[in-house]
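There are 2 protein chains.
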Amino acid sequence: MINPVLVETVRGGIVDLRHRGAVAVSDADGRLVWSTGDVERPVYPRSAIKLFQALPLVESGAADRYGLNDKQLAFACSSHSAEEGHVSTAEAMLKAAGLGEADLECGAHWPLFSQQALIDFARSGKTPNNLHNNCSGKHAGFLCAACHQGLEPVGYVNAAHEIQRQARAAQEDMTGFPLGDEMGGIDGCSIPAYAFPLRSLAYGFARAATGNRLGVERAKAAKRLMDACMANPWFTAGTERFCTRIMEAGEGRIFAKTGADGAYVAALPGAGLGIALKCDDGSGQAAEIMLASVLLRLLGQDDDLRVRLEPLASRTIRNWKGIEVAEMRPVSA
Amino acid sequence: MINPVLVETVRGGIVDLRHRGAVAVSDADGRLVWSTGDVERPVYPRSAIKLFQALPLVESGAADRYGLNDKQLAFACSSHSAEEGHVSTAEAMLKAAGLGEADLECGAHWPLFSQQALIDFARSGKTPNNLHNNCSGKHAGFLCAACHQGLEPVGYVNAAHEIQRQARAAQEDMTGFPLGDEMGGIDGCSIPAYAFPLRSLAYGFARAATGNRLGVERAKAAKRLMDACMANPWFTAGTERFCTRIMEAGEGRIFAKTGADGAYVAALPGAGLGIALKCDDGSGQAAEIMLASVLLRLLGQDDDLRVRLEPLASRTIRNWKGIEVAEMRPVSA
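Sequence lines, in order, name chains P and D. At position 108 of the first sequence (counting the first as 1) the number is 89 in the working numbering, and the numbers step up by one without a gap. At position 173 of the second sequence (counting the first as 1) the number is 154 in the working numbering, and the numbers step up by one without a gap.
Because the hints were derived from the structure by calculation, they are not lab data. Bear in mind the structure is a predicted one, so any value in this text is a computation, not a measurement. Hints should not be assumed to be uniformly reliable.
Identical copies look the same in the list; a pair holds intra-copy or inter-copy alike.
Listed below are the simulated SDA-like cross-link pairs for lysine to any residue, each with C-alpha atoms no more than 25 Å apart in a straight line [unchecked claim]:
# : residue 1 : residue 2
1 : Lys107    : Leu93
2 : Lys107    : Glu64
3 : Lys204    : Gln282
4 : Lys107    : His90
5 : Lys107    : Gln96
6 : Lys302    : Gly136
7 : Lys302    : Gln96
8 : Lys204    : Pro134
All chains, please: the whole structure from these sequences, using the hints.
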C-alpha cells in the first residue's frame, strides 16, 4: 500500500515537492473514525509517545513525593527548545530527587528547533550539556521515578532497567499493541524506541484523553499529564514551536505532541478522539501541516477554533529578500 | 506515475523513512542510457543549473577581461558554505569589475550547510551580508558579465534584465527544452528559477561534458567551467560538503552539483554521460545517496573509483551519545 500525498509545495505554478503519509483518528473504543494511508504498519512515534512514558512518574507517586507542579509534569512530556526556563526546570526536577546534570544519560546537543536559538546560544559562549537535550524533561522524570522507587539510577536508559520496563508496559497498555522484541530501536536520547501502528497510537491517545478502559490510577495520571501539557504549551516545546502554537490556539481543547522524523500525535478530549500521523519521508514541516489539516477536518464548520488553526495548515515560503516564492499546502486525502 | 522509493532509513529492523525520486542518465546525443521514475515532468534544478547560468560570463569575454582564474570560475558555479576563502573570492570578483558587496542582490543568510559553521560564525560576532549568501559566486559572475557588456547592474536579478535573458537562453540551449512563461518561479536568491524534465537536464550536462552539438565557443566555455569545478571542488561547495567529497573522490572524472530541495546533477565526461535527479520530498541527504548510488551503477565493477564512492552511498546515523541508531541506504530501483 502506497501512502497518499498529503502535503505539497508549489513554486511558480508547479508542484515541486510531495510528502506522503498516513493518518489515523480513533475514538476511545478503538473505532477508526477517519484514516488515510496505511495505519496498520508499525512506525516509530519517537518523542510523540512521551506522555505515555511519563505515566510511571505520576502513578508511582514520584511526582507527588517530589512536589512536581503542572509545569514540571508538562516538561516531563516535552521536546523542549533549551530556552532558559526549560533548562532551569530540568535542574529543579533533578534537584528534587537529589540528583544533577551528570546523572542524565540523554547526551548533549546544540539547540535544534530554531536557527535563531542556535545563534543566540552560540553567541552566549555556552556549550550544551545534558540539560539542553530536548529530552531532558523526560529523562528528569525517569530519574525522579527511579529514585522514588529506590532503583539504581545509573543505566536507567537501558531496555532492561526497571524504569524502561515500566515505560514500555505503559506504552503497550495504552495502545493495546503487544511489543515484540523485534520492534525495538534506539532513540536519539539512548532509550528504547518502539514502533506502533498509527491506529494503535491514535487509540492510545483517545484513551489518555478520556480515561476509557483504563484503570482508575492510570486514567487519573493520563488526564493529569494531558491537562498539564494543554495548560502549559511552552513547557512541552518552546517559543514559536508548532506544538506550542497548536495548543495555545486550542485553549485546552487540543493536546499535540511532535516526534522526530515526521511523527505527530494529538487528542481532542472534548470529542473523545485521538490522532496519530507519520510523514513517510520524515519531514517535520509536512507533518505539522498534516496535523493542522486533520484537526480542521475534525472540527465543525462553525467552530471558532477554525480561524486560529487555518493559518497553521499552510505555509508561505519566502526567500532571503522576503519575496514569496513557494507555498506548502495540504492535499485533500 | 508514482516515482519509486530510492532511499530508505532503517531503525531497529524497521523501514522508518522512505524517499521517492526520479533519475535520468543521458548521453550527449539525448539517448536515455538509464532512468527510473518520471523523467519527463519538469522539476526545478535550482542551484544545480548554475554551470549553465555561468556560460555567458565566459562566452561574453568577461571572465578573461577581469582575469578570473579557475578557482573563481568554479566559484561562479558554486553553492558555497561562506567560509573565509569563499567570501574573499566573491569580494575579489566584484572588485575586478569595480563593484562591491552592496551591488549584490542575492540577499543575506546565515551559514546553511553545517551546524558547526553556523556556531563558529555566530561566535565570531559577525552578521551575514550578501557575500555570505551561498549564491554570491553566481551573482558576482552575473555582475562581471553585466559590467563587461556595459549593462546597468542594478536589477540584474530580474527576469527582464539582459543578464537573466542570457542565462535563460543558455539553459534552454543546453537542455534543448523550450521554456514557456509558465515554467518560471523565483529562486532563493531572487533570480528566475525554471523547471526542466530530468531527461533534458541530464542531456544538457552530457553536452556540457562533451561539447557534443554545441557551438565552438559554447563547448569551450562549458568545458572550461566544468574542468574548473572538478579541479577546485572546495570552491564549488566547501569543507566536507557532498559535492566537494564526490568531486574529490572523482579526481577529475566526476562533475557534481547540488540544488535546493533534493535536486542533483552530475556528469562523467570520460563516459560522455550526464545525470539529473530529484528527490520528491526535497531531502538533500536522500538526493546525495541517490547520486552516489547512480554513479556506482554507471561505473565498471573493477573501477577503482568504486572504493571511494561506496562509503558515500549510505549513511550511518548516530545519536547524541554516538550510538548507531539507524542507517540511510539506497533501494535498488
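Evaluation of the provided hints:
1. Lys107 to Leu93: Result: close both inside a copy and across copies, 15 Å intra and 21 Å inter.
2. Lys107 to Glu64: The answer is both: 12 Å in one copy and 23 Å across copies each meet 25 Å.
3. Lys204 to Gln282: neither (28 Å within a copy, 61 Å between copies)
4. Lys107 to His90: both (12 Å within a copy, 23 Å between copies)
5. Lys107 to Gln96: both (16 Å within a copy, 15 Å between copies)
6. Lys302 to Gly136: This pair counts as between: shortest inter-copy Cα distance 13 Å, intra-copy 50 Å.
7. Lys302 to Gln96: both (17 Å within a copy, 23 Å between copies)
8. Lys204 to Pro134: neither (27 Å within a copy, 64 Å between copies)
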